[in-house]
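The primary structure of each chain is shown beneath.
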Amino acid sequence: MTKHRLTLDHSLPKGRLTPYFEALAQGRALAECCSSCGRVQFPPGGICGRCDAAELAWTSLSGNAVVIHRTDTPDRAFALVRFEGAKNSAVVAIANPDVRSSWGRLVISPASAQGLTIELNDKGNEHV
Amino acid sequence: MTPFNRRKDGSSWRDWCRDAFVGALADAALEKSAIDALVVASESDFFTLQLNPASMIADTIGLVGCRSCRVEGGGASGHLAVHAGMAMVLSGQARRVAVVGVEASASHLDGKTVGILLSHSFDSWTDGFTGVSSTSIYALSAMAFMERTKATVNDLAAVAARNRQNARANPNAHLPLDIREEDVAVSPVISSPYRRLDCCPLSDGAACVILSRPEDLPNTGVVRVRISGTGAASDRARLGDRADPGRFRAKETAAKRALAAAGITAEAIGVAEVYDSYSGAQLQALEALGLTPDVVADERVGRFASCGELPVNLSGGLLGQGAPVGATGVAQVLVTAQQLLGSFPGLNPRSGPKYGLVDSHGGIATTCAVSVLELL
Ligand SMILES: [Zn+2]
Chain A
1 MTKHRLTLDH SLPKGRLTPY FEALAQGRAL AECCSSCGRV QFPPGGICGR
51 CDAAELAWTS LSGNAVVIHR TDTPDRAFAL VRFEGAKNSA VVAIANPDVR
101 SSWGRLVISP ASAQGLTIEL NDKGNEHV
Chain B
1 MTPFNRRKDG SSWRDWCRDA FVGALADAAL EKSAIDALVV ASESDFFTLQ
51 LNPASMIADT IGLVGCRSCR VEGGGASGHL AVHAGMAMVL SGQARRVAVV
101 GVEASASHLD GKTVGILLSH SFDSWTDGFT GVSSTSIYAL SAMAFMERTK
151 ATVNDLAAVA ARNRQNARAN PNAHLPLDIR EEDVAVSPVI SSPYRRLDCC
201 PLSDGAACVI LSRPEDLPNT GVVRVRISGT GAASDRARLG DRADPGRFRA
251 KETAAKRALA AAGITAEAIG VAEVYDSYSG AQLQALEALG LTPDVVADER
301 VGRFASCGEL PVNLSGGLLG QGAPVGATGV AQVLVTAQQL LGSFPGLNPR
351 SGPKYGLVDS HGGIATTCAV SVLELL
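Top line first, the protein sequences correspond to chains A and B.
Just so you know, we're using our numbering here: the first sequence kicks off at 1 and counts up by one.
Just so you know, we're using our numbering here: the second sequence kicks off at 1 and counts up by one.
Do not take every clue at face value.
[As the list claims (entries may be wrong)] Below are the BS3-like pairs computed for lysine-lysine, each with C-alpha atoms no more than 30 Å apart in a straight line:
{"hint": "1", "chain 1": "B", "residue 1": "Lys256", "chain 2": "A", "residue 2": "Lys3"}
{"hint": "2", "chain 1": "B", "residue 1": "Lys8", "chain 2": "B", "residue 2": "Lys150"}
{"hint": "3", "chain 1": "A", "residue 1": "Lys3", "chain 2": "B", "residue 2": "Lys8"}
{"hint": "4", "chain 1": "A", "residue 1": "Lys14", "chain 2": "A", "residue 2": "Lys87"}
{"hint": "5", "chain 1": "A", "residue 1": "Lys14", "chain 2": "B", "residue 2": "Lys112"}
{"hint": "6", "chain 1": "A", "residue 1": "Lys87", "chain 2": "B", "residue 2": "Lys8"}
{"hint": "7", "chain 1": "B", "residue 1": "Lys256", "chain 2": "A", "residue 2": "Lys87"}
[Claimed, not checked] Calculated from the model, a selection of chain A residues having no Cβ within reach of chain B, i.e. all distances over 10 Å:
{"hint": "8", "residue": "Leu6"}
{"hint": "9", "residue": "Arg28"}
{"hint": "10", "residue": "Leu30"}
{"hint": "11", "residue": "Val40"}
{"hint": "12", "residue": "Cys51"}
{"hint": "13", "residue": "Asp72"}
{"hint": "14", "residue": "Pro74"}
{"hint": "15", "residue": "Glu84"}
{"hint": "16", "residue": "Asp98"}
{"hint": "17", "residue": "Ser109"}
[Said to hold, decoys possible] Among chain B residues calculated to face chain A with C-beta under 8 Å, some are:
{"hint": "18", "residue": "Gly10"}
{"hint": "19", "residue": "Leu49"}
{"hint": "20", "residue": "Leu51"}
{"hint": "21", "residue": "Thr126"}
{"hint": "22", "residue": "Phe129"}
{"hint": "23", "residue": "Leu140"}
{"hint": "24", "residue": "Ala185"}
{"hint": "25", "residue": "Ile190"}
{"hint": "26", "residue": "Gly263"}
{"hint": "27", "residue": "Ala266"}
The hints are simulated quantities; they were obtained by calculation from the structure and are not laboratory data.
Note that the structure is a prediction, hence the values are computed from the model and not measured.
Built from N, CA and C at the ideal position, the CB exists for glycine as well.
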């Protein structure tokens, strides 16, 4: 048995999604709006999920989200949520898994987890 | 195929490829020189630490000079490699194709590292960057399925226990466990509602099948199995971009294509090996494949049990037989063929079916491959 250690420091350019990632780093939700059918999607995907159009403009969302399904691991929690104004939904990390609420808000992700993170509101259990 | 397990005997993935290939040649009564193409399935170079594995495997198993390539489609890699090999035969590019699937996903890296790598099986730029694991993504999809169909955690546990029980008869199985639903229910939570025993293991191993037209095989008088229909399709990569995150739409499409190509309907299928990376995923797959009008009702009356009307995962599936990713789909095709022949060294279907269905996917049913096998 031979031991090998491989360390990879990736630099990943984000191309046309750069504005979305720059907004995310500031805790802002920047969505795509389809120029043909008006569908708003967050997170963006580069193509309209309804009409397949590739002409999409950027539009800002509130960052508020409603939890559709939530899964808990021994030390973290993740959810499928829908951001206010968006037609699609998103897999997000939950920043405060101790809170059991159906409502949350986009926050800046920790450096170790650069995807979407939401913080749940203490109040809001009565919804959904 | 080699046994699927966590290797502790010092053997290498190159050894496993050689063993699987030699076994397939013997089964087909062919000399190595009769093989004119090699298709390799392997999901990730991170596991083997070998880029361009097809040429390396050709070199290792003595197929230098052959046409060789590698096929990758996540968990569907092995099954898609079989489709690619079949296309070579049908197009006349090759007469006898060896399809070798391999993965060293258990013993070469620690489990945490493998988990991080596999979390990039979804959209790396969104899901992958949250640190979400495969289990959590599958859990969210299962919850959507359970909400719509009223399937319960007991239904999921029944699948997890039954596949491990089926695996007990399979000498190549990774997890042949004598467990019941209660054991699943008390195993540690990985990502709710999924517990340890709802999840398939990470395995080491290799599998090989040889594809050819009947006239290009030796006339040994042995009955063979034909791939009479194939279908493949893809879905949106992110769960959140799907209209129903609990439904495997691409699998539906792939199954319809495979059945249409075979010229049969789902009712003709008498045995199936389906992609049960998680217990709930087996029920989601059976629904999508069109093998049942009501998957939850059929699960509860035992239709998919080893003695049921449509036995599913007699090998134990990924949950029981194991999941060396690149080898998984090749092994699924192999064991289904053996089950039709009645020669599988584990549980065989009692009814002697003519048609079997094989189902695999990558991502979360993002890349789907389905084949219909027919006893000649
Ligand atoms: Zn549109």
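A quick look at each hint next to the structure:
Annotation: proposed proximity of lysine 256/B to lysine 3/A is violated, straight-line Cα distance about 47 Å (limit 30 Å). Restraint check for lysine 8/B and lysine 150/B: not satisfied, since their Cα atoms lie roughly 42 Å apart, outside the 30 Å limit. The hinted pair formed by lysine 3/A and lysine 8/B meets the criterion: a straight-line CA distance of about 15 Å does not exceed 30 Å. Proximity of lysine 14/A to lysine 87/A is assessed by CA-CA distance (about 23 Å); at most 30 Å being required, the pair is judged to hold.
This hinted pair checks out: lysine 14/A and lysine 112/B have alpha carbons roughly 27 Å apart, not beyond 30 Å. Among the hinted pairs, lysine 87/A with lysine 8/B is inconsistent with the structure: their alpha-carbon atoms are about 49 Å apart, more than 30 Å. Straight-line distance between C-alpha atoms of lysine 256/B and lysine 87/A comes to about 29 Å, which keeps the hinted pair within the 30 Å bound. A Cβ of chain B approaches the Cβ of leucine 6/A within 10 Å, the least distance being about 7 Å, so the stated non-interface status is violated.
Every beta carbon of chain B lies more than 10 Å from that of arginine 28/A, the smallest distance being close to 16 Å; the non-interface claim holds. Under the 10 Å C-beta cut-off, the non-interface status given to leucine 30/A relative to chain B holds; the minimum distance is some 13 Å. The beta carbon of valine 40/A sits about 13 Å from the closest Cβ of chain B, which is more than 10 Å, so the claim that it is off the interface holds. Here cysteine 51/A stays apart from chain B, with its beta-carbon at least about 14 Å from theirs, past the 10 Å limit.
Against chain B, the non-interface label of aspartate 72/A is violated: not every CB pair exceeds 10 Å, the least being about 5 Å. With a least CB separation of 7 Å from chain B, proline 74/A falls inside the 10 Å interface cut-off, contrary to its annotation. Glutamate 84/A, annotated as away from the interface, keeps every beta carbon of chain B farther than 10 Å; the closest lies near 14 Å. For aspartate 98/A, the condition that its CB be more than 10 Å from all CB atoms of chain B holds, with the nearest at approximately 15 Å.
Its beta-carbon lying about 7 Å from the closest one in chain B, serine 109/A breaks the requirement of being farther than 10 Å from that chain. Hint status for glycine 10/B: holds, given a least beta-carbon distance of 7 Å to chain A, under 8 Å. Because the closest C-beta pair between leucine 49/B and chain A is about 6 Å apart, less than 8 Å, the hint holds. Hint status for leucine 51/B relative to chain A: violated, with the closest Cβ pair at about 12 Å, above 8 Å.
Taking 8 Å as the C-beta cut-off, the interface hint given for threonine 126/B holds, the closest approach to chain A being about 5 Å. The restraint placing phenylalanine 129/B at the interface with chain A holds, with a minimum CB-CB distance near 4 Å, inside the 8 Å limit. The interface hint given for leucine 140/B is met, as the beta carbon of that residue sits about 5 Å from the closest beta carbon of chain A, less than 8 Å. Contact between alanine 185/B and chain A, as hinted, is not supported at the beta carbon level, the nearest pair being about 16 Å apart and thus beyond 8 Å.
Against a cut-off of 8 Å between C-beta atoms, the interface hint on isoleucine 190/B holds, since the closest Cβ of chain A lies about 7 Å away. Contact between glycine 263/B and chain A, as hinted, is not supported at the beta carbon level, the nearest pair being about 32 Å apart and thus beyond 8 Å. At its closest, the beta carbon of alanine 266/B sits 29 Å from a beta carbon of chain A; the interface hint therefore is violated under the 8 Å criterion.
Of the numbered hints given earlier, the model fails hints 1, 2, 6, 8, 13, 14, 17, 20, 24, 26, 27; all others are met.
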